[in-house]
Every structure is written in structure tokens, then in C-alpha cells.
Amino acid sequence: MKQAELMLRADNVSKSFGPEGAATVALSGVDMSIRAGEFVTIVGASGCGKSTLLNLFAGLDKPSSGTIEVNGKVALMFQEATLLPWLTARKNIELALNYAGVARSDRDARVAELLDIVRLGDWADKRPHELSGGMRQRVALARCLAQGARIVLMDEPLGALDAMTRDHLHDEIESIVKAQGLTVVFVTHNMREAVRLGDRVILMGSRPGRVVYEQSVPLKRPRTMDSNDIASRAADLTNRLKAEQGILEGADS
Amino acid sequence: MKQAELMLRADNVSKSFGPEGAATVALSGVDMSIRAGEFVTIVGASGCGKSTLLNLFAGLDKPSSGTIEVNGKVALMFQEATLLPWLTARKNIELALNYAGVARSDRDARVAELLDIVRLGDWADKRPHELSGGMRQRVALARCLAQGARIVLMDEPLGALDAMTRDHLHDEIESIVKAQGLTVVFVTHNMREAVRLGDRVILMGSRPGRVVYEQSVPLKRPRTMDSNDIASRAADLTNRLKAEQGILEGADS
Amino acid sequence: AATPEAAPSAAPEITTVRLGYFPNLTHAPGLIATQKGFFKSELKAINLTLTPTAFNAGPDVVTALFADSLDCSYIGPNPAINAYAQSEGAAVRIVSGSTSGGAALVVRDGVNTAADLKGLTIATPQLGNTQDVAARNWLSEQGLATDVEGGGDVSIKPQSNSDGLAAFSAGEIDGAWVPEPWVSSYVAAGAHVLQNEADLWDGGQFVTTVILCRTDFIDQHPDAVTALLKGHLAALDLIASDPEGSQAAVNLALAGLTGSSIDPKVLASAWKNMTFTADPLSATLVTSAEHAVSVGLLEQDKIDAAGGLPGTLYSLDLLNALLAERGEAAVN
Amino acid sequence: MTINNASRTQTTFSARNAWAWTWPKLFAIALVLGGWELLFLSEWRPSYVLPGPIETFDALFKMAGTERFWLAVKTTMTRAGTGFILALVLGSIVGIAVARIKPLRLAVGNVITGLQVMPSIAWFPLAILVFGLNEQAILFVVVLGAGPSIANGVIAGIDHVPPAFTRLGRVLGAGPIALYRDIVLPAALPTYVAGLVQGWSFAWRSLMAGELLVIIAETPSLGTTLDFARQMSKVPELIATMIVILLIGMLVDSVFGTISRKIRRDRGLAIDD
Amino acid sequence: MTINNASRTQTTFSARNAWAWTWPKLFAIALVLGGWELLFLSEWRPSYVLPGPIETFDALFKMAGTERFWLAVKTTMTRAGTGFILALVLGSIVGIAVARIKPLRLAVGNVITGLQVMPSIAWFPLAILVFGLNEQAILFVVVLGAGPSIANGVIAGIDHVPPAFTRLGRVLGAGPIALYRDIVLPAALPTYVAGLVQGWSFAWRSLMAGELLVIIAETPSLGTTLDFARQMSKVPELIATMIVILLIGMLVDSVFGTISRKIRRDRGLAIDD
Ligand SMILES: Nc1ncnc2c1ncn2[C@@H]1O[C@H](COP(=O)(O)OP(=O)(O)OP(=O)(O)O)[C@@H](O)[C@H]1O
Ligand SMILES: Nc1ncnc2c1ncn2[C@@H]1O[C@H](COP(=O)(O)OP(=O)(O)OP(=O)(O)O)[C@@H](O)[C@H]1O
Ligand SMILES: [Mg+2]
Ligand SMILES: [Mg+2]
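Residue numbers (the numbering used here), protein chains in the order written: chain A, 955 to 1207; chain B, 955 to 1207; chain C, -17 to 314; chain D, 763 to 1035; chain E, 763 to 1035.
Chain A on its own, in the form it takes in the complex (with noise of 0.2 angstroms):
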């Protein structure tokens, strides 16, 4: 296979917060490339620094030292579902539709069948406040997915959802993922979810957060979250996690 497009590439970046003295690390020589049409998942501790560096790569944040290069459109949802509360969840997405150039006439055919794909076709026209909290992560699931944009990362998306429905919308992401050719970076604490949609699997360990561990998923999609290939690798990425991180606590605690 020829080697596609370079859309992601951090170079030795590092990331601190707060005052030279009292710094907070929280990524530290991180180098990562990621190619057109590649879906990449991260995994890692929790305060690894996942979403930091996906705020990198979204522009919202510069790096302390080191490179990011993004070649393209990035789409962004935020670990925390941020819905503008004056807004129903139809003008949500409208929003990024509109910002994304769709003309008026195809946004409410578009918002219908967004909200129709996370399973909220009901619900369009209720505010954040009268959703559930997994209903408010599937909105803005749908707004990122509005956004059109080439590169989606996405930060533990799904995290707050039952598992009927997680396993939907892994299907759901995969299949627009590959009809619209799309990079995505993936954040999870779920290994399965990981193994289940990644080309590749990132295992970052923490303090300071760094890559760790890389592994190609080489599996035939179609996948299920209950094959046995599927729970094997997981299991094998939990156990590095726990390495990784029983490392880190003998020397901490």
C-alpha cells in the first residue's frame, strides 16, 4: 500500500502547565504520525495527557516545545459534552453545519439524519438541560460528525453510553469514517472499543504522558466487541497498561 497523506504528526512536544518552578508536565517528547484515512485509538491512565494532546492538535493549545503539523480541517469533541445551552439540540448541530458551509436548505435533512444516527431523532428540539447525560454525548457526537471536517478526534466519545448503543455507533462511526475517508484519533478507557475501531492502538503512560506502546490492529473489519482476536488484544493492552503503571506506583505512593 502506497503511503498516505501525512494529517497528524507531533515531534518531540512537550507540554507543561502552570509556572517555570511549579510546572505540571503533561507531555513530555511525544512524537506521533498519523496518515490520511488512518483511525487511530489512544488509551492510557487516566491524567496521561490524551486530552491535552488532542488539544494540541486541534489548535486550542500550543505546545511548550516541539512541533505539531496538522494538514487539514480538524473536528474536536470534547470529553466533556460541551452543548451551548441556549440552544436546542437541532440548532446545535445546525450550528456546525452552518459553520461548516451547508447550505440552509440541506441543514435539516442533514441534523435529521445526524440525530437519527445517535439514535436522538425524538429529541431534536429539546435543550441540553432536558437531555440525559449520555443523550447530551450522542449531541455532540452528532456535532462533530457536522462538522465535515477531514480529521475527527474524538475524546472518549461514547464513554457515557450503555453498551447496545456504543455497539451502534461503533458501527455507525466506522461506516461514515470509511465512506468519507476521514482521520480519526479516538480517545478510549474502553481496550475492546479500542482494539474494536482502531488501525492502530496508542498506550500512553503518564507522568510525565508519553507514548508507550504502539500496535497495528491488523483485524478484517467487519469486527464485533465479543470476538475472541478482539478480547485477546485488549486483554494484552490492559496488562501493559498495568505494567506501565504498577512501575509508576511502586515508585509513587
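Worth flagging that the hints you see were computed from the coordinates, not collected in a lab. Relax, there's no trap hidden among the hints.
Here are some of the chain B residues that sit facing chain A, going by a computed Cβ distance under 7 angstroms:
id : residue
1  : Gln1033
2  : Thr1119
3  : His1143
Keep in mind that this is a model prediction, so the values were computed, not measured. Note that the Cβ used here is the ideal one computed from N, Cα and C, for glycine as well.
Given chain A's structure and the hints, the job is docking chains B, C, D and E with the ligands onto it.
Same frame as chain A, now just chains B, C, D and E with the ligands:
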């Protein structure tokens, strides 16, 4: 075993939101009895009314019809980690200790202990916006435990955590619950987690929200997440959820 | 550095004369002439209209005159002197007198001599205004020291007349040096007159209102000023011939401007204490200004820079021409 | 502890609610009037400085019976409305510009409050110089009174927009204008609306002073009515005018209050009560 | 699109920052003074109504050279400070009470704005009647001017506290006092502090009027200085006093601004810039 005291009871509880005609029915005819020392986990599709039910138990909302009985002080951990942004992690927890009547001199030690349990000993003096999503969730968990209530309601308390931290917290929660004889209602989307922790698992169905299935989990503790017993029970629950939702889907969209 | 571009040849075309006055009793001739249309008919004869503007405060009138937003105005002598001094004698001229008298020191029961005032508090309408200066001067003549900050043997607390009356009824002040109709109002509230200001002046007259015009305007449109003066004289005539009718006209004008009118009894009593005359009583104005300088409320160097007093403050030729026409004595 | 079905009682809504809404007001009014009448009857001060409620309401009704009064209300309300809207537009534009453009904020941020504390009368000479003796001069004073307050309200509102929203806007690819139009300003709206009440108050109080700048015979106004009632020591008329001003203020407040409540309800900010 | 390591430049912090902070101000001042001087030189208005900057600053420096001026500043600032603190305390208490107690809100909620729009001069007779001619009367006017504004600020702040926080408070078992002390008021703090600037402005402007109410022996004040300059048509002195008022207003604003920035930084509300 002699029947323990009744701590929480919902008797034919219904709850709807919005104006009479166009109301959203979140709960309909829910009956539930939870006895002292019981660890009940609730699973169910997104939007089926789990959070609404916990709000009713916590007295934050009133049922539209039916009766809620609560027999003791209640602690609730919200689905979205609600930390006070102007207080550090330590102070957020201290506030709960303060309200729980813990003497000022004991608070420091207790905060340190709780932060250790959630593995945030080094982050005590950070403010919420300096913490990662999972870290915030853990602070909220520590605060919930700080309340010193006999009844603890937890709404997806570990949803944003990696497997490793989850495992650790399962153990911690289990031992605290046992040591203090707490009554727990624990909402989760992770079926294994539900079986791992629960003395009883309640499956809720949606539209309208109601109890569709209950299962006692007579497995001996300590249990481990990847034991076969738990896996099979979890699979069973997943199937039941799917069946329940499948019916809906057929009728629905 | 006053730079009046006084070139009569370059007189701008005007269609209206902008006249200012206050809804005050002391501006009665202006109120009557406006109310009765005297100005209007005189101006109409030279194809001009009248734009009357009522004001609430002297400084605004001065600013408006300076800013070319107003041509002439009825005004108290103090703002007139200020305008003259601040513009170094350039901007304004007094073209006629209007009102004289009508101010007194009223005090509460038990105060019967000047000496009784020692240690007491009196009000004046405003720091540095005619009555304020008169009060300070009179007190110092009586051997009672005052200062601008309200200290001294007698504490002077300038405040609006209505607040003063309220303060008097609340027992907070012991008297006031005020113009009409306030003298009458204080008397109605139980005060008595300790010193009528008229008694302090030769002939019992001292200026309380004049007509002040822009210098440019007088130079460029003497006919318009003459028309205004004719209307003014007509109002003075009416006041002389029909006091009741003029009082009614004043009250009507006040009601039109302010929505309130003065109790006719108070008005009649106040009327008795005032004289309406075209004589600007320039000597009393100069004396009053000297008093103001001596109590530190006016700067001598400013007056000197303006050319002294009366200096060029008065421009009475037009008035005197009219008076001569009517066979009356000239004023200066 | 037993929580029962409580919202069942919502059926008898209208009658009970109306009463719950009314009695506190009636009670407050009765309290004030009663205290006032007692004070009056005690003859603490002579009646010409402190008239009783009866005399005052008599003056009020007499005043309200005149065409002149309604003309005054109309003039003043028109001026207040015009001035406020002008101040709203200008203040909002300046506020947004200052909040958004950092050098501008450093340059004139503090000046806004500097202008806000300037008493209205200080502007009179400038108003006359620039506009002459007319309505514009009055509006100028009103705008200078209320504009800075509104600008400060906008700045405060924008400053406190949760960064999550602006970050969201950037991620969605909103341009600078869209970001403000669709996200920052709506997010700042509650603070903004709360600030408008302050802006209105400034506008109104500046107007009360500004109306004294030029008194136009055929156009009575509340500012002059108030001032002349005071100047002529007509205490019943003074208090009557104060009551009118109070009522108008309350009316305007309830308009803003309604807007604010609607906003809060839409955003789920007012869950209970 | 390449984003490079940008915060490296933070080392040359102090010098560059100071300049970035200074130039907009200098620029703005230069612009205003330049424009003013040009207007002056154009002889649009005679110099006795619109003096040039040189003459004005001359008057300002002459004024600032007198002991009397500093006494006036001190008196006025003391009164403003005292009045503001009083208004702060009373306004906050009333605001909290009204926000919390529903019948009270229904009874007097709108009255607060009604009082807020009342011009200061309307209170003079009452102030004299109740307090006499002394400092208290002035403070009364100031408190009545600023108190309602602060109360409204408190109410708006409390109204917009996210319900998540109050629900949290209830779940944590906070009593009504603790709920307000620990949760509602801190959450309302940013809006509250923003409202304080408005309150201060009201206090100051009421004071400028109130200082004309009572002239107290041996105590010159800025209010009387301003009014006197106006009465005497001393335009340079008038503008000089306005500049002093402007500067004091800016100073106070920067104090509030610092507090507000600290709050925002603590809460992560000002992430970038
Ligand atoms: N304040 C509200 N106003 C209107 N509808 C509401 C409100 N709160 C909840 N609902 C509705 O009630 C239903 C149940 O919501 P709830 O938050 O209890 O679901 P949940 O089971 O917790 O879901 P999730 O797993 O997604 O958190 C949803 O349909 C939701 O839209
Ligand atoms: N604005 C900030 N100020 C200070 N520290 C921060 C800030 N944002 C993140 N951090 C720190 O950076 C580290 C990484 O945070 P990040 O949110 O990227 O973690 P994460 O991998 O997304 O964790 P989680 O799985 O819990 O969401 C954490 O230690 C956090 O405390
Ligand atoms: Mg994260
Ligand atoms: Mg929920």
C-alpha cells in the same frame, strides 16, 4: 439471614418533565426496595431514567406520583463531576467533611486518606480546571465518600477512568462499603462492573423508564473483573438489554 | 485669548432670536413678555421669530451664549459678571436691567439682632451668588466672620432654596438670605425678616436680573436687540399698570414651564418686595462685584483682564435710544 | 423522610398563584403607607415638609388627571427609550470592541469606568457646545451616562463566558464575528441583561438631570416636574413625582425581569422555584 | 499549519510586557490630547468655552499645588469609601434576602430598581428631614444611590448561579447559611464584583450631587469644586476637575479589575490571553 432495615423505597414512582400535554415521562411505576448494607447496581440504556431516579432518592426532585422513602442521610455523586471551581481538590473534599461534622483537626488527615484512595495524593492543591476529566471524577468520588452518609448513590462514578484505576477503585469502594456497612446504589453502563460490585443488579428499560429485570449476584467476594462467572452474567445482562432495546427499536425508528 | 470675529459686515442671516430666561419670579418681565407675545410681535415687525428657551441654571446660559446657541438671556448679575470676566470682556454685554430688590435675611424666632446670629447657621441659595455675597458682606460689616467652607462666626451653608426651607423647618438652620418668593415662603413657615436687602442700598434698589446679550449679536443685529427691548419695556409697562394681571400672567407662564405655580398669596407678597425696571443699576452691580472680590468669590485679576467694571460690560445705547423715544430719562 | 407527589397541586394553579404573587406586594404597600400615615399623624415634621399619604395621593391623582402629566411621561419615556437604545448600541459596540481587542482594552478599559463616574452636569457645557440647546444635547448626556455602564456590563459578561464555549467555537470553526454572534454574546446574555438594568438606571438618572438642561415650554418632562416641585417646595407634588418615577422604574424592571427569567428558564438555570 | 513552541518567549517577560501594557495607554492619551489641541487651534470655539490642553493642565497643576485640593480629594474619597462600604453591606444583605426569600422578592424585588432610578436630588428633602445638615445626610444619599445597584447585582449573581452548584450544596447537606456562604455567594462572586463597579459609579455620582446638599465647615470637596467651577464658568478648572474625577474613577476601576482578574484566573476563566 434476617431481613435488614429498609433504607430506600420507591413505591409506584412516576416522574415526568415539562408541561402536562407534552411531558417527557422519565419514570413510570417504578417499585424498588433497598435494604441496609445492600449494594445495588443499576444498568440501563442511555436516557432510561437512572439519574432521575437517583435525584428522587436524594430529594433533589419530587416524584410526579408515587412515594419515595429514604431512611437516613444520603450522599449522591452526580453523573457529571460537579466540583466547585474556586476551591482546590482538597478544599472541595474538606467542604463535605465540614458539613458531615468532621472536626477541623481531623479533616486534614481524612482528606489525605481519601485523596490517596483515589490516587490523587499529589494533586490536592490543584483547582478543578487544572485536573483532567478522570481526575475530577475521582475528586468527586472522594468527596462523595467524605460525606459520611449511610446511603451512597453513585451515578456512573468510574465512567471516565481507565481499567486499571477502575479495578483499584472497585476494591477500595468494596472495602469501604463493607467496613462502614453502607447501602449503595451504583449506576453504570459497564455490565461487568455491575456484576463485579453488585449484590443485586437492576436493569431498567426506557420509554418510559421502568424496572424490567432484577438479578441477585450470589458470587463470593472478593470477585475479579475478568472472572468467567462475571463475564457470563454480564453477557446475559447485555443480551437482556439488547432484547429490551431491540423491541423498542422495532417500534421506534 | 479671546478672539471675537467682530466684523459687522459679515453679519450672518438670522431668522430667529434665541432668548433665554428662567422660570423664576425675578425674571417676571421676560415671562410676561413671552406669555403675552410682546417679543413675538416686535420681532415679527422685522421678520424674525422668537425661540424662547427656559433654563434652570445660570452656567448653562453662559455656556450657551459662549457657544453661539443663544443670543440674549435674562440672567442674574453674578453669572453675567462671570461671563464677562471669563471671556475677558469679549463675549457679552448687558443691554438692560429687569428687576431689582426682593431679597432679605429671614431668621427664626428669637433672633432679633445681628449679634444674635453668632454661632448660628444660615443658608444662601448658592456659593458665590448675589445673595451669598450680600450675606457674607453684610455679616462682615456686622463684625461677624464667615468663610467659604461654612466656618466662622456664622456658618453659611449654601443650598438650594427648597432644601433650605426643609432644613429650616427641621430646625437645622436658623435663617436664610434668599430672594423672592422664598422670603415670603420662609415668612409663611414662621420666619421673620431681620434685614431687607433693599434697605442696604441707596434708593432701596439693587439689581437682581439683567438682560445679557452676545456682543456679536448686538453688533450684527442691533434691530433684533431693539425689538427685544421693546417687548421688555412693554412688559414693564404692563407690570406697572396692571400688577394683578401681570402676576396672573407670571403664574400662567410658570405653570406652562414647570407644571407648578406659586401660591397667589405668596406671589402677591413677594411682588411687593420687587421693583421691575429697565435701569440696570450698574452702580449696585459694581458694588456687589467688589463685595464678591472682597469675600474671595471673584478674582480681581480676571476683572482687570476684562477691562474692569463696569468697563465694557454695559451696552445701553439701544435701550437709551428707546427710552428717549418714549421721553424717559436715559440710564447708565 | 417521605416525599410525596407534590406537583399534583399544580391544578389549582392560577388562583393560588395569583394570590401568592399578590399578597407580598399588598402587604408591603400597606406597611409603607401605614408607617407613613403614623409618622404624619405624630406631627414629627410640619405637614408642608412631610405631607401625609392622603394629601400626596391627592396630588398624585390631580397630577395624573392633567394632560400635561401624561405629556411629561411620554416625553421623558421617549427620551429615556431613545437614549437608552442609543447607549445600548454604542455601549455594546464599545464593550465588545474593548473586550475583544487587547490593546484597546489596555488603552481605554479603565476610561470606561472613569466616564461612568462622571456626574451628568459635568457634560452640560460640552453638550451645549457640540449640540446646542436641543434634544440631542439631552440625549448626549443620557448616552454618556448609560453607555459606559452598558459597555462595562458587556465586558464583564464576555469576560465571564466559560472558556469551554469559546474553545468550542474555535473548534467548530467559527470566524471572529460568528464566534461573537453565536457563542460569546449569547453566553454573556444573562450578565448582559442584568447589566442593562444598571444601564437603564444610569440612563434614567442622567435624563432626570439632562432634562434640566433645556426646558421647552410645550414639552413638559418628568425631570423638570420633579425639579420644579422641589424648587418650589411643593412637597406633595415632589413625592407624587417620586412615586411616578418609582412606578416607571418598577415597570421597566419587570420587563427586564421577564426577559431575564425567560433566558434562565431556557437554559435550565431556574430549575426549582 | 504548523504550531511552534510559543511560550519559550516568556523569558523576556517583564520588559516586553510592560511595553505592551504601556503603549496603548500612551497612544490613547496622545490621540486625545492631540485631537483636543487641534480642535483648540482650529478656533472652533473661543478659548473661554473650550480651553486648550495646555491651559487646562496649567489649571490642573495649579489646583493640584494647593492644600485645599488634596483636602477636597481626601474628603470626597473618604465619603465615597464610607458610603460605598455602607451601601455594599446593606445592598448585599438586602440582595441576599430578596434573592432567597420568595415573598420578599415578590414584595420588593421591583422596588429595588425603582429606587435605583430615583435621582439623588429627590432624596435631599428626606435626607435633611431625617439626618439634618451633616455627613450622615450625604451618606444617606450615597447609600440610597449605590445600595439598590449593589442589591440588584447580588440578585443577578445569585439568580445565575448554575443549579448544579446549589443541588450539590443540598446533596452535601449544607444548611441554608452554609449554602449561601460556601456555594451560592462564591459562585455569584464574578457577577457580584462586576456589579460593584456599577455600584461604585452610582455611589460616586450620588456623592457628587450629595456634596452640594450640605457644605460642611472647613471641608472642601470635589463635588463642590466641580459645581463651583461650573457656577463661575471657569472652564479650565471645570475640565481639570473632570480629569481628576476621571483619574479617580480609573484608579478604582483598576482595583476592581485586579480583583476580577484574580477571581477569573483562580477559576480558570481566563485560559488564554
Ligand atoms: N430537567 C429535565 N427536563 C426535561 N426532561 C428531562 C429532565 N431531566 C431528565 N429528563 C428526561 O428524562 C429522561 C431520563 O433522563 P435521565 O438523565 O434520568 O437518564 P439516564 O438514565 O441517567 O441516562 P444516561 O445514561 O444517558 O445518563 C430523559 O429522556 C431526559 O430527556
Ligand atoms: N489547564 C491546565 N492547567 C494545569 N494542568 C493541566 C491543565 N490541563 C491539564 N493539566 C494536567 O495535565 C495532565 C494531563 O491532563 P489531560 O486532561 O490531558 O489528561 P487525560 O489523559 O485526558 O486524562 P483523563 O483520562 O482523566 O481525561 C494532568 O495531570 C492535568 O492535571
Ligand atoms: Mg481527558
Ligand atoms: Mg444519567
